[in-house]
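Enquirer: Could you put together the complete structure from these sequences and hints?
Residues per chain are reported as follows:
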Amino acid sequence: MTSKTTLKFMLAAGALSVGLSHGALAQGTVKIGSVLSVTGPSSFLGEPEDKTLRLYVDKINAAGGVAGKKIELVIYDDGGDANKARTFATRLIEDDEVIAMVGGTTTGSTMAMIPVFEEAQVPFISLAGAIEVIDPVRKFVFKTPHTDKMACEKIFEDLKKRNLTKIGMISGTDGFGASMRAQCVKVAPNYGMQILIDESYGPRDSDMTAQLTKIKNTAGVQAVVNPGFGQGPAIVTRNYAQLGMTATPFYQSHGVASKSFIDLAGPAAEGVRLPAAALLVGDKLPESDPQKKVVTEYKQAYESATKQPVSTFGGHAYDGLFILVEAMKRANSTDPQKIRDEIEKTKGFVGTGGIVNMSATDHLGLDLSAFRMLEIKGGDWNLAQSGS
Amino acid sequence: MRALVNHRILTLLVLAAMIAALPLIFPSSYYFRVASLVWVSALAAIGLNILMGQAGQVSLGHAAFFGIGAYAVAIGPAHLGVPPWAALFLGALLSAALAYLVGRPILRLKGHYLAIATLGLGVLVALVISTESRWTGGPDGMPVARLTLFGWRVAGSDTWYWVTGGLLLLGTWIALNLDETPTGRAFRALHDSEVAAQVVGVDVARFKLQAFVIAAVYASLAGSALAFMNGFINPDQAGFLHSVELVTIVVLGGLGSVVGSIVGAAVLVTLPQVLTVFHEYEHLLLGLIIIVAMIFMRNGIVPSLSGLLFRRARS
Amino acid sequence: MAEFLQFLISGLTVGAVYALVALGFTLIYNASGVVNFAQGEFVMLGGMVTVFTSAAGMPLPLAALIAVGVAVVIGLMLHRFAIEPARGASAVTLIIITIGASILLRGIATIVFDKQFHKLPAFTGDTPVDILGAAVQPQSFWVLGGAAVVVLVLYVFLEHTLLGKAVLATAANRLAARLVGINTTTIMALAFGGSAAIGAVAGILVTPITLTSYDVGTLLALKGFAAAMLGGMGNPVGAVVGGLLLGLLEAFGAGYISSTYKDAFAFVVILIVLFAAPQGLFGRRVVERV
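First to last, the sequence lines map onto chains X, Z and U. Per the UniProt record's numbering, residue 1 is the first one in the first sequence, and the count goes up by one each step. Per the UniProt record's numbering, residue 1 is the first one in the second sequence, and the count goes up by one each step. Per the UniProt record's numbering, residue 1 is the first one in the third sequence, and the count goes up by one each step.
Source of the hints: derived by calculation from the structure; they are not laboratory data. Glycine included, every Cβ here is placed at the ideal spot set by N, Cα and C. Keep in mind that a hint or two might mislead.
[To be verified] Below, simulated DSBU-like cross-link-like pairs (lysine-lysine); rule was C-alpha separation at most 35 Å, straight line:
#1 LYS115(U) / LYS299(X)
#2 LYS165(U) / LYS307(X)
#3 LYS115(U) / LYS293(X)
#4 LYS115(U) / LYS149(X)
#5 LYS59(X) / LYS115(U)
#6 LYS115(U) / LYS70(X)
#7 LYS165(U) / LYS377(X)
#8 LYS284(X) / LYS115(U)
#9 LYS139(X) / LYS377(X)
[Claimed, not checked] Per the computed footprint, the stretches of chain Z lying under chain U, defined by three or more beta-carbons under 8 Å from a beta-carbon of chain U, are:
#10 117-127
#11 226-240
#12 246-258
Expert: Below is the structure:
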């Protein structure tokens, strides 16, 4: 009896999912897929990415589409779960038959999805931070955000200019924080940096005064670096001020590059430095800056459509989408292989994250100049005066 | 007794027929992928159900064994030079050993205290996995080498559908048989009343430990299968939320019902896939469905529905 | 000394929140035998509703009051529409229902509110107070004081009011309570409402320190449950001690041992305590009836 019930149920479930799968591609449209962490612990990254993709695909379609074809955007929410992301990746390839993918909010879900796209030979532009996404280079995998290694280098460069070489670190134990911490430890010797103390906190911790007290009581620490994202760095920054440590220069990472960080950390954020894309300081860029036009337009469009402050995370999705669209135009084709070849030839693409010059050995195409060193002053981002 | 044997064989036959027939209605490999996930979750849940449904002991940290199985096949070939198939058995052995070692003290605890102790064990294992990044790749996870058996490279959604389906059949067969052995009867006596079982001479501690070790091995094998199938693994699979998901599958499907665990896995794995059409209402609906299902089928889907059918047949 | 004091206060502040969550667990568990895994969502509601109503221009005390009210209504609805219809179901079934409820409440929160993090201004400013070299946020005193008031009110209610005694009687023996004329359904509703209120108060008090978002509840439920078990399930004193102890273990673990393994440290201690005292620190010995 029970088995029959099961069978009926399974068949019904099967039939239901068959019914939900779409029919053949409509004439004159191409499908672009995306798997994002719109919910879950990384939703503050995934949500602006989701909104950006939807906003700009609508804009592109309203303007006539790409090479005469409208874009149909298929977005799935992995909830921050890499296994789920992997399933949705298979769904995009096998069921939706997308020609390319812009997505993968976290490094964890990106890494889980890479085998699917490599095997299907469909281009995948990732929005995740860690360097392992593009190093070693995989034929079909690209990414738009600066790597965590670059963030460490940018911070250490700035520290070196200020003649500070003995640092303390406090990192989140989430994927972003742990990966950036590892990169920082690795490149520190290249810049003559000495890490005197290396602390960490859980991604959901609500009080980091214990770790910071240890750093405070470590003799010789000249600056503190906090790789992390989410609400953690905001709490670290508040605790930093609470413990009266603000005389020691404090560096955040590009993981906090949205206005909400300043808002959450409040006055404690004053004087904090971080490497981030030009997008955050669009209005303060000189007119001659090549990125000025792109970043102010994106900021304006995003903020008026969503009523939320712009973040570099949404900017990465913007860059990914337009690198893809430009490549599709150049290839004048919907063949994934041809699109891939054109993505790799991207040169001089001006995005929110920097000027992108890709090659067969570089699937990111950004150098350290794409990062600006910012300092929070008067509750706003400012370009830091180097060497001060 | 004969009826029982027949019932068991019938269940297995239906399951086998279903695994064989489903591909006929699958329009793309994506469906193979989802079905394989159902088989893997079902395998882990059947094991957990032996512990929860038959022996009556809760575990809120069972994903730890799933994680050990998964990371064994990831770490073994990558760092220790162990062939993938051997790593699978090594993982199962390691899970069994851990379950055996911690089982004795932990299983002395009762009810919610057992729940928190197993939860603690799960948190510890997950924490070690996500911290020791030299070995495990940290929170972002690590790649898993493909399984090769006698030169045959096991890859692709379709292949894994059959491999995991076969594993599930094997697991179901063992669980159904266990049900009818003296061990199985001892488990059920434990579930009904530990004191009563003790009084009639059941070695309570030994049987609880046996159930715990069996459940750990099931979870470990399921974890290894998932890791091979994905070619990638991350610490979420060993985490608290995955433990909760496994318990939910068992209870939703029906405590003590082997078929229930398969149905529970089918529901909980396919629901999020089906609910994607509702976008932001997805989680709201998932929660609502779980609540409503548990209120109206409080003994789980399979026992409640079959109870309903039997009653109707009798009246 | 200053270092020790810093860890101590940090631990007590975090611990006070765990204690309130554990107290919420205990109250519902005593009245109904349900382990409510949606307890963390009450904390989330307290913080989020206060953030959004005060952003809409409501003065903070009024916003806080509304938040407690909303949480209580949700607590009562949880009891009326999810727990009451499943009366008599097994303990695990009820746990799964509350897990479903927590997923549902989080889902609703993402739609009604959003998925961003939010802050609340500290009640009496951000200037740290110096205590023998330890820098303490004034909000810490609000959390500790608030928790103490909640515990005191609950104590007076349970020990010195008729209704409170009815709750205790129901906790001791549900059948006997019903036999002496106590409406146990009302008592259960009261427990859910009260527990929701305690959770919401915790959320309001702690949001200025910890920030809040729709999904802060999951981890708090886990920690609160651990605290309740450490103290001994069903004992309000145990819940408070368990909560404070857990907070202190984490702070001292992070401070003196290893910040990476501080959660592990806390759970190892819980395991050791349970091996030594299988009913938690203050738990009753339960004799299994055959």
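Enquirer: A separate judgement is required for each hint: does it hold in the structure or not?
Expert: Hints, verified against the model:
1. LYS115(U) / LYS299(X): Given pair LYS115(U), LYS299(X) holds - Cα atoms ~20 Å apart, limit 35 Å.
2. LYS165(U) / LYS307(X): violated (52 Å)
3. LYS115(U) / LYS293(X): holds (30 Å)
4. LYS115(U) / LYS149(X): This hinted pair holds, its Cα atoms lying about 28 Å apart.
5. LYS59(X) / LYS115(U): holds (25 Å)
6. LYS115(U) / LYS70(X): holds (30 Å)
7. LYS165(U) / LYS377(X): Violated, at about 58 Å.
8. LYS284(X) / LYS115(U): holds (29 Å)
9. LYS139(X) / LYS377(X): Violated. LYS139(X) to LYS377(X) sits at ~43 Å, over the 35 Å cutoff.
10. 117-127: Held - the segment 117-127 of chain Z has 7 residues with a Cβ nearer than 8 Å to chain U, which meets the minimum of three.
11. 226-240: It is violated: at least three residues are needed, and the segment 226-240 of chain Z offers just 1 whose Cβ sits closer than 8 Å to chain U.
12. 246-258: Coverage by chain U holds for the segment 246-258 of chain Z (5 residues, Cβ < 8 Å).
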